[in-house]
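Undergrad: Okay, here's what each chain looks like letter by letter:
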Amino acid sequence: MRKYLDLSLIGIKEHTAYLNSVWASFLAKIVYLYMQFALWNALFSSNAGKSIPLSHDDTIRYIIIATIISTFMECDVIGWINQQIQSGDVANQLIRPVDYKAMIFSKHLGVSCVRLVLYAIPLSIAAAAFYKKPLICRGQLIYGIISVLLAYMIQFLYSLIIGLMAFWLIVTWPLNMLLAAIYKLLSGSWIPAQMFPDLLSKINLFLPFRAIYAIPVTIITTSMDKADIMSAIRVQLIWLVILFLLSELTWVVGKNKLVVQGG
Amino acid sequence: MSLEANNLTKIYKLKKRQTKTAVDNISFSIPTGEIVGFIGPNGAGKSTTIKMMTGILIPDRGSVSIDGLSFKKNRKQIMMKTGVVFGQKSVLCWDIPVLDTLKLFKDMYRVPDAAYKRNMEMFSDILGIDEFISQPPRLLSLGQRMKADLAASLIYDPDILFLDEPTIGIDVLSKERIRNFIKKINEERHTTIILTTHDVSDIETLCEKIIIIDKGVLIYDGTLPDLKDRYQTTDLEEIIKKIYLAGERKYA
Numbered sequence: 040m041r042k043y044l045d046l047s048l049i050g051i052k053e054h055t056a057y058l059n060s061v062w063a064s065f066l067a068k069i070v071y072l073y074m075q076f077a078l079w080n081a082l083f084s085s086n087a088g089k090s091i092p093l094s095h096d097d098t099i100r101y102i103i104i105a106t107i108i109s110t111f112m113e114c115d116v117i118g119w120i121n122q123q124i125q126s127g128d129v130a131n132q133l134i135r136p137v138d139y140k141a142m143i144f145s146k147h148l149g150v151s152c153v154r155l156v157l158y159a160i161p162l163s164i165a166a167a168a169f170y171k172k173p174l175i176c177r178g179q180l181i182y183g184i185i186s187v188l189l190a191y192m193i194q195f196l197y198s199l200i201i202g203l204m205a206f207w208l209i210v211t212w213p214l215n216m217l218l219a220a221i222y223k224l225l226s227g228s229w230i231p232a233q234m235f236p237d238l239l240s241k242i243n244l245f246l247p248f249r250a251i252y253a254i255p256v257t258i259i260t261t262s263m264d265k266a267d268i269m270s271a272i273r274v275q276l277i278w279l280v281i282l283f284l285l286s287e288l289t290w291v292v293g294k295n296k297l298v299v300q301g302g
Numbered sequence: 096m097s098l099e100a101n102n103l104t105k106i107y108k109l110k111k112r113q114t115k116t117a118v119d120n121i122s123f124s125i126p127t128g129e130i131v132g133f134i135g136p137n138g139a140g141k142s143t144t145i146k147m148m149t150g151i152l153i154p155d156r157g158s159v160s161i162d163g164l165s166f167k168k169n170r171k172q173i174m175m176k177t178g179v180v181f182g183q184k185s186v187l188c189w190d191i192p193v194l195d196t197l198k199l200f201k202d203m204y205r206v207p208d209a210a211y212k213r214n215m216e217m218f219s220d221i222l223g224i225d226e227f228i229s230q231p232p233r234l235l236s237l238g239q240r241m242k243a244d245l246a247a248s249l250i251y252d253p254d255i256l257f258l259d260e261p262t263i264g265i266d267v268l269s270k271e272r273i274r275n276f277i278k279k280i281n282e283e284r285h286t287t288i289i290l291t292t293h294d295v296s297d298i299e300t301l302c303e304k305i306i307i308i309d310k311g312v313l314i315y316d317g318t319l320p321d322l323k324d325r326y327q328t329t330d331l332e333e334i335i336k337k338i339y340l341a342g343e344r345k346y347a
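Sequences listed follow chains A and B, in order.
Position in the first sequence counted from 1, then plus 39, gives you our numbering.
Position in the second sequence counted from 1, then plus 95, gives you our numbering.
Since the hints were derived computationally from the structure, they do not count as laboratory data.
Be aware that a few hints might be false.
What the hints assert, rightly or not - Derived DSS-like pairs: lysine-lysine, alpha-carbon spacing no greater than 30 Å straight-line:
hint : chain 1 : residue 1 : chain 2 : residue 2
1    : B       : Lys168    : A       : Lys140
2    : A       : Lys294    : B       : Lys115
3    : B       : Lys168    : B       : Lys115
4    : A       : Lys294    : B       : Lys184
5    : B       : Lys108    : A       : Lys140
6    : A       : Lys296    : B       : Lys111
7    : B       : Lys336    : B       : Lys115
8    : B       : Lys108    : A       : Lys296
9    : B       : Lys198    : A       : Lys52
10   : B       : Lys310    : B       : Lys337
11   : B       : Lys176    : A       : Lys294
12   : B       : Lys279    : B       : Lys304
13   : B       : Lys167    : B       : Lys110
14   : B       : Lys345    : B       : Lys115
15   : B       : Lys108    : A       : Lys294
16   : B       : Lys111    : B       : Lys310
17   : B       : Lys111    : A       : Lys294
18   : B       : Lys115    : A       : Lys296
19   : B       : Lys176    : A       : Lys140
20   : B       : Lys171    : A       : Lys294
21   : B       : Lys171    : A       : Lys52
22   : B       : Lys336    : B       : Lys323
23   : A       : Lys294    : B       : Lys168
24   : B       : Lys323    : B       : Lys345
25   : A       : Lys140    : A       : Lys223
26   : A       : Lys296    : B       : Lys168
What the hints assert, rightly or not - To be clear about the criterion: a stretch of chain B counts as covered by chain A if any three or more of its residues have a C-beta under 8 Å from a C-beta of chain A, and this derived list gives those stretches:
hint : stretch
27   : 140 to 153
28   : 175 to 187
29   : 197 to 211
Unchecked claim - Listed below are several chain A residues computed to face chain B (Cβ distance under 10 Å; list not exhaustive):
hint : residue
30   : Arg41
31   : Gln132
32   : Arg135
33   : Leu297
34   : Val298
Using N, Cα and C, we set each Cβ at its ideal position, and we do this for glycine too.
Input sequences plus hints: build the corresponding full structure.
TA: Structure representation (structure tokens):
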């Protein structure tokens, strides 16, 4: 276990190595939160909420919680793996007596802890201080936390799969740019998933993205039947299993196809 | 640890239906405790062979066995005992102190405290790593970085050590220290060392045996004195030039 802890600590130290970038990220997140808040307020005040299935308050709550969660849900794994493949540094990772995916996960976990402490918690306090109405459904919070943890794993596995594809595609971040656009829309990190038109909602049922934001954020912010909560968590569990199997498959294919770049 | 390579072949796909045979049916064996120079011109397939011997690349044909173990079955067991230094790629984490990487390897390879301490003292004595151990690699000179890399790969007492151009771009004095260090490790621990280099004096001072490959094919596998006898000169640089030139003409 010690080695994984070391890797997490390295993740923490690397993320905080440049203090200026930490401050810049923090300010960016505050600006983003305010932007989302102002945008949706303006939207509701100009539209009077006629054709929107969520109420004004529900939407604002959803957006605030989604933005806070996104600060530690972010995942640099695709970038890490791409960079290691492009520079050939991946060779130095594959000679270790530790599973490559486990090493990546440990480091990611370390970085996420930093993000939780440096971004998510201060942002939550700020949101709670400025938004006077209740933000979360306290009774469902425990399910919400479970759902966030599942979402965190789903997010990681999704990034791992795209990242590992670099083992034979060499560069996958342009692919990721395309997927990122789809991801941001369908996961519900920008726009609450309940607002999607019918067709989009149906497509979304067959994709893992809504399990990352839409499901956990809805559980945290909207009061739901216990049965509905359970079925939402079941959807997440199913995606977790599917993505885990896919990531193992990608790994097996990838390590056989790997070409280490440069001398 | 001894190493045996049997009919190693690696073929890279370039474009559609175009392939390049980087390593072509190479076999050799390296007994425990030897320092072997693994040489060849740029693009000969040295690095590809090293990457197959360290289990990073999977050969298209043939196999590598280390002390009778194979990467397919005993990967972790082999990795625990293998050290690798790529002169052109650092194993150290770029933004954090060298010491943190060393500690990571201590835990990863389960190095006992006493052995860790003993090794750290030795690295400080010979390589002088104590001077820069608390700095991150991005602030180190190339020579310091290479010494730190050597330390990181030897902190867990590997039985087999791969050095891929460990003296590339290093000044004369540091080179000598690195060579002495490699020699000492080999003498004290009987570590098997496989060394690739373009520096003839590295080979002269360190290697008893050399393996030469060119265009992915094995050209020579034997002792250094035998090679000199064959070409009737003691000038190793001259011999290597002749071999490389012959290779160029043959494939031209």
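Undergrad: With reference to the structure, classify each hint as holding or not holding.
TA: Now the hints, each set against the structure:
1. B/Lys168 x A/Lys140: Answer holds: B/Lys168 to A/Lys140 is near 19 Å, not above 30 Å.
2. A/Lys294 x B/Lys115: Since the Cα atoms of A/Lys294 and B/Lys115 sit roughly 20 Å apart, the hinted pair holds (cutoff 30 Å).
3. B/Lys168 x B/Lys115: The given pair, whose Cα atoms are some 29 Å apart, holds under the 30 Å limit.
4. A/Lys294 x B/Lys184: holds, 20 Å
5. B/Lys108 x A/Lys140: holds, 26 Å
6. A/Lys296 x B/Lys111: holds, 16 Å
7. B/Lys336 x B/Lys115: holds, 24 Å
8. B/Lys108 x A/Lys296: Holds: B/Lys108 and A/Lys296 sit about 10 Å apart, inside 30 Å.
9. B/Lys198 x A/Lys52: holds, 14 Å
10. B/Lys310 x B/Lys337: holds, 15 Å
11. B/Lys176 x A/Lys294: Satisfied, since the Cα-Cα distance of roughly 21 Å is no more than 30 Å.
12. B/Lys279 x B/Lys304: Holds: B/Lys279 and B/Lys304 sit about 17 Å apart, inside 30 Å.
13. B/Lys167 x B/Lys110: Satisfied, since the Cα-Cα distance of roughly 29 Å is no more than 30 Å.
14. B/Lys345 x B/Lys115: Measuring from Cα to Cα gives roughly 17 Å; hence the hint holds.
15. B/Lys108 x A/Lys294: Roughly 15 Å between the alpha carbons, so the hint for B/Lys108 and A/Lys294 holds.
16. B/Lys111 x B/Lys310: The given pair, whose Cα atoms are some 22 Å apart, holds under the 30 Å limit.
17. B/Lys111 x A/Lys294: Holds, at about 21 Å.
18. B/Lys115 x A/Lys296: holds, 15 Å
19. B/Lys176 x A/Lys140: holds, 21 Å
20. B/Lys171 x A/Lys294: Holds, at roughly 15 Å.
21. B/Lys171 x A/Lys52: Since the Cα atoms of B/Lys171 and A/Lys52 sit roughly 28 Å apart, the hinted pair holds (cutoff 30 Å).
22. B/Lys336 x B/Lys323: holds, 13 Å
23. A/Lys294 x B/Lys168: Distance ~15 Å between A/Lys294 and B/Lys168 Cα, so the pair holds.
24. B/Lys323 x B/Lys345: holds, 22 Å
25. A/Lys140 x A/Lys223: Status holds; Cα separation ~25 Å.
26. A/Lys296 x B/Lys168: holds, 19 Å
27. 140 to 153: holds (count 7)
28. 175 to 187: As far as the stretch 175 to 187 of chain B goes, the hint holds, because 8 residues have Cβ atoms under 8 Å from chain A.
29. 197 to 211: Result for this restraint: holds, n = 5.
30. Arg41: holds, 4 Å
31. Gln132: holds, 9 Å
32. Arg135: Result: holds, 6 Å to nearest chain B Cβ.
33. Leu297: With a minimum Cβ separation of about 7 Å from chain B (threshold 10 Å), the hint on A/Leu297 holds.
34. Val298: Interface hint status for A/Val298: holds (6 Å vs cutoff 10 Å).
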